[in-house]
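Protein chains in written order, with the working numbering: chain A, 1 to 139; chain B, 140 to 264.
Do not take every clue at face value.
As the list claims (entries may be wrong) - Stretch-level coverage of chain A by chain B, calculated; a stretch enters the list once three of its residues show a Cβ under 8 Å from a Cβ in chain B:
1. 8 to 16
2. 23 to 32
3. 44 to 58
4. 74 to 83
5. 118 to 131
Unchecked claim - A few chain B positions that, by computed beta-carbon distances, are all more than 10 Å from chain A:
6. Thr141
7. Val161
8. Glu204
Just so you know, the hints here were simulated from the structure itself, not pulled from any lab data. Built from N, CA and C at the ideal position, the CB exists for glycine as well.
Here is how the chains run, residue by residue.
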Amino acid sequence: MHLHPRSILLVFAGGALGTSVRYLLSLAVPPVGGVPLITLLLNVTGAFVLGWLLQSLALRGPDEGVRRDLRLFAGTGILGGYTTYSSLAVDTDGLIAAQSVGLSILYAVATIAIGAAASVAGIALASTIARRRAERGRR
Amino acid sequence: MTALLVLAVAAAGGVGAVARLVLDGLLRARVRIAYPLGTTVINVTGSFLLGLVTGLALAHGLPAEWRAVLGTGFLGGYTTFSTASYETVRLAQQRRYRAAFVNGVGMLVLALAAAGLGLWLGELG
Chain A
1 MHLHPRSILL VFAGGALGTS VRYLLSLAVP PVGGVPLITL LLNVTGAFVL
51 GWLLQSLALR GPDEGVRRDL RLFAGTGILG GYTTYSSLAV DTDGLIAAQS
101 VGLSILYAVA TIAIGAAASV AGIALASTIA RRRAERGRR
Chain B
140 MTALLVLAVA AAGGVGAVAR LVLDGLLRAR VRIAYPLGTT VINVTGSFLL
190 GLVTGLALAH GLPAEWRAVL GTGFLGGYTT FSTASYETVR LAQQRRYRAA
240 FVNGVGMLVL ALAAAGLGLW LGELG
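Isolated chain A, as found in the complex (with noise of 0.2 Å):
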């Protein structure tokens, strides 16, 4: 269990970070077209540095001390709380409620498939910096 105060602490602090910053994005940039173009960029980016993040720190030792502590602020909290799946939920449903289904489910879709691309792409990025890292230590 991850009851330890200093990781509820870790990841309130991160939860609220991450939240804020999604929240004043989220004022700053209106829906096109009703659809939420800043939570697709939101999740999608989020996805992308949460598995350059996580493989990072994967690929640096196991999940203790320090590693753990930055998986808990930035990962569960930063990262968990910048992205949001609720509002992916509510606002594909609010596009079926206003009759536009087509684009509804572009969206909703449009979201998993790059998300899962982002984190590809970060999963692959962490790897090829710690790759780089180990051939320039061997020369």
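Starting from the known structure of chain A, arrange chain B on it as the hints suggest.
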């Protein structure tokens, strides 16, 4: 938008993220299966609750500030897209394609249904 509202949304987001941490940890400890069940449960329940909050705001005049704090703040912090996407990709990389499909498309369908139910109940009042 006031600075106080931004702070309230941020704090609610922090509480939502902690709720996700605690519920995910509880499920991991209690339900021992090789599937990231926690994220699905969190995202589907969060989608239902955001539907409810949105329905109440649309049909029964739940104030915009409350919608921001409970919806954008707490439920936005509670649910997560980045972890869901990461876990889908990890399952696919382990060649567990059926589990990856359920985690990607199944979660989306369940969340859409849950959000729809929440919206309907919220507008019903």
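Right, here's what the structure says about each hint:
no., hint, verdict
1, 8 to 16, "holds (count 7)"
2, 23 to 32, "holds (count 4)"
3, 44 to 58, "holds (count 6)"
4, 74 to 83, "holds (count 8)"
5, 118 to 131, "holds (count 4)"
6, Thr141, "holds (12 Å)"
7, Val161, "violated (7 Å)"
8, Glu204, "holds (12 Å)"
In this structure, the one hint that does not hold is number 7.
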